[in-house]
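**Student:** Sequence:
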Amino acid sequence: MRKLPLFLALALAVPSLAFAAKPPAKPQSHGKGSPQVMYVLKGTLTAFTAASGTTNGSVSLLVKSANHHGASLKGQTLTFAVSATTKVVTEGGAPVTVNDDGLVQVRGPKRIAATDSLAEVLQALTARHVVDQGVPDSDS
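Number 136 marks the last residue of the sequence shown (the numbering used here); no jumps.
These are calculated hints, taken from the structure and not from any lab test.
Worth double-checking, as some hints may not be accurate.
Under the rule of at most 25 angstroms between Cα atoms (straight-line distance), these lysine to any residue pairs were calculated in the SDA-like manner [as the list claims (entries may be wrong)]: (1) Lys70 - Leu8; (2) Lys60 - Ala90; (3) Lys70 - Ala7; (4) Lys106 - Val36; (5) Lys38 - Asp97; (6) Lys38 - Val94; (7) Lys60 - Leu121; (8) Lys70 - Asp112; (9) Lys83 - Pro132; (10) Lys60 - Gly29; (11) Lys83 - Leu99; (12) Lys83 - Val127.
Pairwise CB distance ranges (calculated) [stated by the list, open to error]: (13) Ala110 - Gln32: 52 to 60 angstroms; (14) Gly49 - Thr73: 24 to 32 angstroms; (15) Ser134 - Thr51: 31 to 39 angstroms; (16) Glu116 - Ala90: 30 to 38 angstroms; (17) Lys83 - Thr111: 16 to 24 angstroms; (18) Thr51 - Ala90: 33 to 41 angstroms; (19) Thr42 - Ser68: 18 to 26 angstroms; (20) Gly29 - Glu87: 30 to 38 angstroms; (21) Thr42 - Arg107: 39 to 47 angstroms; (22) Val85 - Ala110: 29 to 37 angstroms.
No experiment lies behind these values; they were computed from the predicted model shown.
C-beta: ideal position from N, C-alpha, C; glycine also.
Input sequences plus hints: build the corresponding full structure.
**Tutor:** Given below as C-alpha cells:
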C-alpha cells in the first residue's frame, strides 16, 4: 500500500511535464524568399540588342508610364538584360525598332532597402517580356 501514493504522484507528474516542455518552434519559412512583383514599364524603345545563344542582349526604354510598382520610374531611361528566355514580341515577326512604343516587364522585389535605388535594382535583372508596340501615335 505504501507504493500506491508514490505511483499516483508519479502518474500525475508525467503528463504535466509533457505539457510543460514545448518542442522548439520551427522557423516559419515558405521557401519563397522575399515577395516578388511584376513591374510593367511602357514608353519608347531607345535601343535593342537581341540575345545570341548564351550571350545576353539588352533593351533600353524611356519610361513614360508604369504600373503601380514602377510609377516612380517615369521619365527615366532604363536598360535591362535580354536573355534567350526573354519573350520578345513584335508585329508580324519584324525586328524590334528603335523609337517605337514598347513595353518591358521585369519581375523584381516588392520592397527594396531604403539605401537602394529601384532603377538600379531592376536594371540588374533580366527582362521577362519585351513588346514592340509599333510606331508611336502622332497624338502623343
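**Student:** Now tell me, hint by hint, if it's right for this structure.
**Tutor:** Hints versus structure:
1. Lys70 - Leu8: Violated - the C-alpha atoms of leucine 8 and lysine 70 are around 70 angstroms apart, more than 25 angstroms.
2. Lys60 - Ala90: Status holds; Cα separation ~23 angstroms.
3. Lys70 - Ala7: violated (72 angstroms)
4. Lys106 - Val36: holds (13 angstroms)
5. Lys38 - Asp97: Satisfied, since the Cα-Cα distance of roughly 8 angstroms is no more than 25 angstroms.
6. Lys38 - Val94: The given pair, whose Cα atoms are some 14 angstroms apart, holds under the 25 angstroms limit.
7. Lys60 - Leu121: Answer holds: lysine 60 to leucine 121 is near 20 angstroms, not above 25 angstroms.
8. Lys70 - Asp112: holds (17 angstroms)
9. Lys83 - Pro132: holds (21 angstroms)
10. Lys60 - Gly29: violated (31 angstroms)
11. Lys83 - Leu99: holds (11 angstroms)
12. Lys83 - Val127: Given that 25 angstroms is the threshold and the Cα spacing comes to 8 angstroms, the pair holds.
13. Ala110 - Gln32: 52 to 60 angstroms: Violated: the Cβ-Cβ distance is about 19 angstroms, outside 52 to 60 angstroms.
14. Gly49 - Thr73: 24 to 32 angstroms: For threonine 73 against glycine 49, whose Cβ atoms are near 27 angstroms apart, the range 24 to 32 angstroms holds.
15. Ser134 - Thr51: 31 to 39 angstroms: holds (37 angstroms)
16. Glu116 - Ala90: 30 to 38 angstroms: holds (32 angstroms)
17. Lys83 - Thr111: 16 to 24 angstroms: violated (33 angstroms)
18. Thr51 - Ala90: 33 to 41 angstroms: violated (22 angstroms)
19. Thr42 - Ser68: 18 to 26 angstroms: holds (19 angstroms)
20. Gly29 - Glu87: 30 to 38 angstroms: Since the Cβ atoms of glycine 29 and glutamate 87 sit about 37 angstroms apart, the hinted range of 30 to 38 angstroms holds.
21. Thr42 - Arg107: 39 to 47 angstroms: violated (28 angstroms)
22. Val85 - Ala110: 29 to 37 angstroms: This hint holds: roughly 36 angstroms between Cβ atoms.
Checked against the numbered hints listed earlier, the structure breaks hints 1, 3, 10, 13, 17, 18 and 21; every other hint is satisfied.
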